[in-house]
Amino acid sequence: KAGVTQTPRYLIKTRGQQVTLSCSPISGHRSVSWYQQTPGQGLQFLFEYFSETQRNKGNFPGRFSGRQFSNSRSEMNVSTLELGDSALYLCASSLGGTGTHAGELFFGEGSRLTVL
Amino acid sequence: AQKVTQAQTEISVVEKEDVTLDCVYETRDTTYYLFWYKQPPSGELVFLIRRNSFDEQNEISGRYSWNFQKSTSSFNFTITASQVVDSAVYFCALSEARGNKLVFGAGTILRVKS
Chain W
25 KAGVTQTPRY LIKTRGQQVT LSCSPISGHR SVSWYQQTPG QGLQFLFEYF SETQRNKGNF
85 PGRFSGRQFS NSRSEMNVST LELGDSALYL CASSLGGTGT HAGELFFGEG SRLTVL
Chain P
226 AQKVTQAQTE ISVVEKEDVT LDCVYETRDT TYYLFWYKQP PSGELVFLIR RNSFDEQNEI
286 SGRYSWNFQK STSSFNFTIT ASQVVDSAVY FCALSEARGN KLVFGAGTIL RVKS
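Listed in order, the protein sequences are those of chains W and P. Going from the first sequence to our numbering is simple: count from 1 and add 24. Going from the second sequence to our numbering is simple: count from 1 and add 225.
Mixed in with the good hints there might be a few duds.
[Said to hold, decoys possible] Covered stretches of chain P (in silico footprint by chain W; criterion: 3 or more residues with CB under 8 Å from a CB of chain W, positions within the stretch not fixed):
{"#": "1", "region": "282-289"}
{"#": "2", "region": "298-305"}
{"#": "3", "region": "315-324"}
[Unchecked claim] Derived DEER-like restraints, expressed as beta-carbon distance ranges:
{"#": "4", "chain 1": "P", "residue 1": "Ser-299", "chain 2": "W", "residue 2": "Phe-93", "range": "37 to 47 Å"}
{"#": "5", "chain 1": "W", "residue 1": "Pro-85", "chain 2": "P", "residue 2": "Arg-323", "range": "18 to 28 Å"}
{"#": "6", "chain 1": "P", "residue 1": "Thr-245", "chain 2": "W", "residue 2": "Arg-39", "range": "38 to 48 Å"}
{"#": "7", "chain 1": "P", "residue 1": "Glu-242", "chain 2": "W", "residue 2": "Asn-95", "range": "43 to 53 Å"}
Simulated from the structure, these hints should not be mistaken for lab results. Using N, Cα and C, we set each Cβ at its ideal position, and we do this for glycine too.
Could you put together the complete structure from these sequences and hints?
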């Protein structure tokens, strides 16, 4: 069974640019969550999508957005990049979000973004 | 607001030693979930365990065991007879009853030396 796939794995951008990251969840998983990991702030929740609808949102500015497609694949976009957006962006998929599988996340290897 | 504290930034042990990773949490919810995740050097976070707030039974899985104490808001993780392959960053996390919005602790780096 294929795991969570994130592309690209590494990318370098300059301040002011925008970036789109992609995530393909495990087959059959309908929930996709995004997390930002930095040395200073640790792992922080960005947002979660379930059946193409944003179900939860973290405390990030509006420059961070996402969407989910009918095949459960998800993208996140960061506009007007700032130096502080340099981070590892992790995507996680899950069967659902309630009951037995709540919080049981399967993570991808991440997309490492460097902003210069 | 929910908060998870892992006071141990880094722990070093010699192989075969037992090691306990501490986790203390704060929440106003009466129903919540607690988790432990492992992040090996490869970077991919791996789910280890989930407990709900109504189940205080300790759990053992091979060399791993977890101690959940609601009275002290703690959810500690013990590795018995540690191995080099246990070297990783371990994260404790907390979530509401619904959804996959996890609040993670800062993580504990575990180094197991041979």
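Practice item. Enumerate the violated hints, using their earlier numbering and listing them in ascending order. Key: Hints 1 and 2 contradicted; others consistent.
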